[in-house]
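Note that the protein sequences, when read in sequence, are chains Y and D.
Read in full-length UniProt numbering, the first sequence has 313 at position 313, and its numbers run on one by one without any break.
Read in full-length UniProt numbering, the second sequence has 390 at position 390, and its numbers run on one by one without any break.
It should be emphasised that the hints constitute simulated quantities derived from the structure, not laboratory data.
Just to be clear, a hint being listed does not mean it is correct.
Stated by the list, open to error - Stretch by stretch, here's where chain Y covers chain D in the computed footprint (C-beta under 8 Å, at least three residues): (1) 290-302; (2) 346-360; (3) 408-420; (4) 521-531; (5) 689-696; (6) 732-743.
A quick note: this is a predicted structure, and the numbers were derived from the prediction, not measured.
Just so you know, even glycine gets a beta-carbon here, dropped at the ideal spot from N, CA and C.
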Amino acid sequence: MKKQFLNFLTLGVLVSSLALISCSDNGGDPIIPPGETEGRFITVAGALMGTNPGDGNGGTMVYSVTKEEAKDPETQISVYTGGFGVKSNRTARLQSSEDGSTLFNIAYTGDNGGEFSRYTVNGGGNFVQSDVSVNISQYAGTSPRWLKLFDGDKTGIALNMANIAANNAPTEENPNPTTPFEYYRGVATILALDLQESLISNYVQYEIPLTEEEEAAGHTIFRLDGSVLNAAKDKLIIGTWMRKYNVATGETEGDYERLGSKSVVVDYPSFANPTVITSAVGHGDNSGYRSHYSYLADDGNIYQATERDPNGSHILRINQNNEYDDSYVFSLNNALGLSGVTIEAWKYAQNGKAFALISHDGAENGFVVWMDLNARTASIVDLPYDADLEFNQYQGFVVDGADVYIAITPVGKNGNIYIVDSNSGVASKGATLVNQPGNHYIGIF
Amino acid sequence: MKAGFTLLFFTVGFCISLVSTAQTGKLTGFLTFEDGEPVAYAAVFIQALKKQALSDERGRYELVDVPFGAHQVQVSSIEMQGLNFNIQIDKPRIQLETVVKRAGEKVLDEVEVTGESVKNEVEKAGFAVNVLETKRASLHSLQTNDLLNRSVGVRVRQNGGLGSQVSYNLNGMSGNSVRIFIDGVPISTYGASFSLNSIPPALIDRIEVYKGVIPAHLADDALGGAINVILKKGAMNNLTASLSYGSFNTQQANVSGSYRNSNSGFTVKASGFYNFSDNDYQVWGKFVRNILANGRYEYVRAKRFNDAYKSAGANIQVGFTNAKWADQFYLGLNVSDDYNEIQHGTYMTIPYKGRFTESQAKVLSVNYVKSDFLAKGLEVNFNGMISDRKQVVNDTVKWNYNWFGEQSVGLNGGPILRPNGAQQGAPTINHINRNISTFRGGVTYSISEMHRMVFSHMYYTIDRTQRDLMRPAREREFIGTRDLTKNISAFAYEATLFESKFKANLFGKYYHQEIDRMDPILVTQNGETVKSEDKVSSKNNTFGYGLATSYALNNSLTMLLSAEKAVRMPSENEIFGSPGENIIENIGIRPEVSNNLNLGLRTGPYQLNSTSKLTIYASGFLRDTKDKIVRRINPRLNDAVQTDPFENLGKTKSIGFEGEINYTWNDNFSVLLNFSKFNSVFNIQYDPNGNEYTYYNRQLPNEPFFTINSTVQYGFKNVIQKRSALNFYYSFGFVDRFYTTWLEIEDFRTPRQFIQDIGVNYVFPSEKLVVSADLRNLFDQQAYDNFAVQKPGRGFYLKLNYTINKF
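So that you can see chain D by itself, here it is in the shape it has in the complex:
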């Protein structure tokens, strides 16, 4: 609400400034706390002139057309203690750095207010976006994927417990049409070991989920949506650490800290995480059976025995912030490592023993941001990363195992060989190395407060080599290489008109992709057989464009409309396959094209009475996709392997709607309820004879089309100790049943899901220590994201969080 008022002041002040004409100067300043953290969304006000500005996320503000002379400036935000100071405007440009004091005891609440402001701003810009804040959740033993799964219109589908393979469905668009970014950089730069599976919510500031229409600054060919994870940057000179332990021997730890020298601007940020789980949860039901020697089934209840997951990572950034020559300059190193045992293939029916993958990534990065670069209103940013990723898929155990982890015994009393030589396929110790370079540059030019232009370019290249130690040496020499290069340019024009009521963002994107494939071959030259290279390359160019607009009917009601002709190039995995994820190659795959439309509204917060508030969001969407790339459901393959390629399914259409209601009472009780329902249908109408396909307009198999999530929280103040807090939450996730194949028989239909969690946390009076306890899957239900793959049952987790500010 406060943010709303400041915005209103800002608008009024701005309008007044338009009419001034005398000799004037411009005041530019940065607001920081004593610890160096920027003061965002503070109001800077010259009372006598009724001039007003709002500081941005970096604490930067600007007052233009200030008449020459002495003025009194007021700075206020509920985050800080109020401040008045005098200033003499005697030249056209004046720069200031102001250090302010924090507003005492209410630190925790205030940070939340700041967060909401960012959330508000992003959510009301016109895109169909929801912003997830991790602050509360990070106190609990929750994974980043859990948070996403609870948010509106997002369906996370995971192939088991912590660390298992995961895919995301946004408004009926899934697979690789959903792109994931970390701070605006494609997540493939980091690989499996630094992913949403491993990054703990505590290291994340917020997650922005864009559906269907993606802003230009996320320069990638995201067709159905983008998930942008924004890592924590804000708080300086602090240290936070947490430790969690729970069921299935799940251990999670993270630590992060930062330091800034307020004189030189020298800044160091570092963080680390560690995750481990045996994932030895019990599975049961019709998909869990041991096959006896004579082929008969014995249904069992068993613990998963080859599903452990371990990941660890560290990140360090060294540089300068808010210096004269750079708002931000960092050199960084990110290292991560994971080990992931694989319990089964696409389905849970045959347990594997000894199959695992290991991945590592080392990422060197450089980051530079400067506003008013060379000219007023011109901001430049650059982000370069060089990544060295390594992966090993290891599968050499040749015997069959049952769900008790024992060797299966055949009719003749001996062990039975796996039908393909190893657990999933042929024996393999396949080393896959990837060198990835990602360079992103952006220029933003603010023509005035009302008009802004954004240009960004991304260059991404990946060289992939592999070496399978289970193949004879001469065969290894004949394994080819695959290189992929992407160049994506995006241009956007942003306008804020009619007293900031109307916002528009018009953008165009140009995609260029190049794939080189080299396979060694033997050729005969002058009667001699020599090794040569068979090279194939493919180039693809295409355009996309879109628009996002919002109109604020009044302070609490905003209409949102966005549309994009989105394009997605086939990814490296889709073209060349990935043995670790059961994907085989498909060189001939084409780019996907989709016309996406969102129409929605955000209302609130409505002050229902003095103590309760209500916020409502509702949106409808259309995704009209051609050459859709999906994981093949029923491949036409004669080979006895459960591996599937990606392919162009043809035309599909997805129409649906989603909504979210948020009710809060007295700041200590809140209810969040969201739902999403869509119809994702086969969209090819006629066969070559002009007859209509029976699948036309029918729901595609294997799409979870109706979901509901809710979280209820209640907090007590001053329990046991003064100035402490005790908070409870309850949440549920509902997924309606769906068919997994076109053949609509009960055996191929998933059960209805209703999974409930509860949790509690206690905030000690100093607010440095928070203890939380969580009970996940309260009633030990059989939970499934993917058909016939059971997720963890009831689990109990305990977590300690510790924070030191201002050291």
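With the rest of the complex left out, here is chain Y:
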């Protein structure tokens, strides 16, 4: 194992330096073709338990192997003993460069909450943090939600919705307002992070209104996340998590009739002119949780998943006019013949093929689902499913050509990397992931 490790290291240094050279030589927009990346590192991330098994709140550790090693079931990876601790009090919010040579992280809570850092992947537990740190907490808080755009590792987008209050809430200037109630709104922040230069390149802060009728009923946007760039790269589509207040008591309502799923569309890169689009097909939220929830597909449309959807998760389509295409109906409940299907995380692979990590009514554990977005079909991938397998914190997939790498480990038990062929939906077993009680693997980068 030790010798192997050294080999990775040498190889890793070579590969990453090559990758860096090719990047700087490129000059223009580096468009990464959907092909295999030679010598790509596969980085696995594991979450340490905090106080309760599986809570993932003890911090995050990472470990890298080569693609070949990742595919080999003989490889043993123990991120908790050989890995590198990413500086984050709680689960790190990791993203990787498209070639896998760089990890990006924004620390979540703690003394360095909101701090963005870059790590060069050198293989094994060898990660080198770059000197420059940048902190977005002034704009987006110390627990920011952020994602990388698919624009050649140039931009990260962080989002925040703050201080949701009624229009007639008292303020310092006007402690006893007499105006009637009209709406609950928060102040949205959209922030662009230049991943290459490590600095904040743009931000806006404004309110995003819904329709008068929706607002009068107490609906409001509670959270923004899951942003994606359209095919023309002139609009950013942002997912929402909706909330409804009881306008008579000011309390949050738990059970209510949901509106159609909404996204916020803003100009890119200025973030100006926010508009809200509404689906007639899905009624769930589409902000996702810690990972991408909307993808631009090969056909130029954006596909977006829904969660907390009364009729189970859907995949919605946003067309090239940046509007929901209500003629596209893809219900996971119907496609799988199950009820209460919720997509915890998903990944678009290529040519309309995608994988989703789901839970459904009556199931103890999570499942991996192979989806054909064009045919609107879905099926459960044949894998050894364990009762302790949960995907609620899962946040990282690697797509390499037609292959998708997924880490499958039940809480506290050993598991494996699985390499799933997006053309066939067939999984093959890769490296063994050595687990520890209370811990679980949360992604591959």
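Given the coordinates of chain Y, assemble chain D onto it according to the supplied hints.
Structure of chain D alone, referenced to chain Y:
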């Protein structure tokens, strides 16, 4: 040493008394000085009979089985001039009140001797307890928290300078498992404005720190330990005042005085204090940076700008002491007020501007103590308090600020809004009112000199209401109320056997807690929407019990063993949260249970030679805790706020030891050295699959597990002026480094702390005036109690103390 001898005499005399059988009477008396102050620990002796008694703290003594007839009584104590008088015993019960003269010039020394006796008695009763005396420290510009921090096994963790939030760690137990009492009453009765942050050492007689095992008279569910602050009661007809000024515009003043009419016993005691500090000390290092518009860091050295603290309070007690119908009867009023600016949240990384809290408390009290109530040997005491506490948390400033106190400017040149609307969270002007009633009653029955029974009961109830002026009126109507009631009964049996060599204290405690939570809701009745109340209440009962024993192997070596199954109910803050302290609610929290054990010994004072003495204390401890309640370190919350609830962590275990060495030479040189080391570990062994957790038996994060403190003092007599004194001290506090999260990387490890202070005081010949100067944090080190929160750097303080006795 003197106390030791009197104790020996007492024991001998007592043994003799056991064998007498003829017709006898009982002599009960009180010894007081001319100013009404009781004479404690004086020996009362009938030479011819070899009968001996020792007066207690209230000056009360008892001689039993005195044969009828005339006797000569001798009273002696180095505090007083010796006294002989004759007495005729002709009835079964005789009561006397005797006024004695003070022993002239040595007043200051003698009071110290008295104090040590109390200290000795408490420390050798069997509990793991250390008694801190404030007498010397009160002459200096020290806070009560500084004193505690220097004592063995205590770690005070403060979130900044004077007035900032503070928590205590006793032998690895922390947070709310450590209870704080003022004269035996839970400190929550008084609130933030009358706390260890604000009460100056000059108003405190002594502080008893009980670790792990708590005596029955401190009736509260203290799981890990109790700090009992005993306010000054002793000296009558005196007036003391002090004034201190120092760095960071720190001003502190206090005054206290008392009067007793020796004829009627009418007594008035009053005291007041005032504290102020800008706390504008400098901070620097890796946690102090301004964030530029593009997100890059600019590391700076800056003064804290939103951290001022002000507190003031007054206390008056009017009543009678040593009257026929009461040993003590007081009606009292305690008012206090504080204003506390908050510079940052849990970490120092984002400075706040304009966030502050204000608290006020008005406490009415009644106090009654009577010994030999109705029957001989029966003592009753009662303490009732009604408290009206108010708190306001104010946070409305919506912009970001940098460490220079300037508005942060964004990329587009304008100011940046805080991510949550105000400095810490959403804008708030939250008024939290609490009405607290605390009633404590106790009965002590001494069956004989060897057997005593103690019963005490405490009733505590708190009603809490809140009103946030930053919420719309209709929302305010839908804010609920929270009420908490605690009843704690304790029974103890105390035995003193084998010629007073063996002492045992066996106790049981019964805890009952009731929590009512009411939230207004809207319900539909007959098609109409009406406001209704959604009520939830929880009741919890549980038992605890324990034992404290001591055995004196000889005059200078005492073994101590104590154990308790301690219980702690979740507190109001733990259940309902406290916005002022960044705590959110957790309704489902369970009581903590801990099996605590202490084994220790106290030796000394050993007379090494004619001029030097040595005292040694050493103790080992075990705390086996289940359902431990701690502040959550890594909450599983998606919300972007630095607020954390309390929760049941599971099982933890803490094993450690502590020790203290005290060396004195010629009464003018002393060295005190103490240390504490413990291993506080995660104690859940297996996961549901039967695999062992990697955290099992590993040190919990965020526990300062190894500390050393030392104080060296040296005094000169007759410097500059005759009968004056000049005293120097040097002290240091060491805290070893520890990790703050389970992820053991260097970024989450605290630096090692070694903070040194020096000071000097000059006692003018009349002993009325004492001037002191202190230099704190001598080498301007970066001091941290909590991770990433820097405490004050070097500070210089000057203090004047003035005392008038016997007016």
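Practice task
Identify every previously stated hint that the structure contradicts and give their numbers, smallest first.
Solution key: When the structure is compared with the hints, none of them turns out to be violated.
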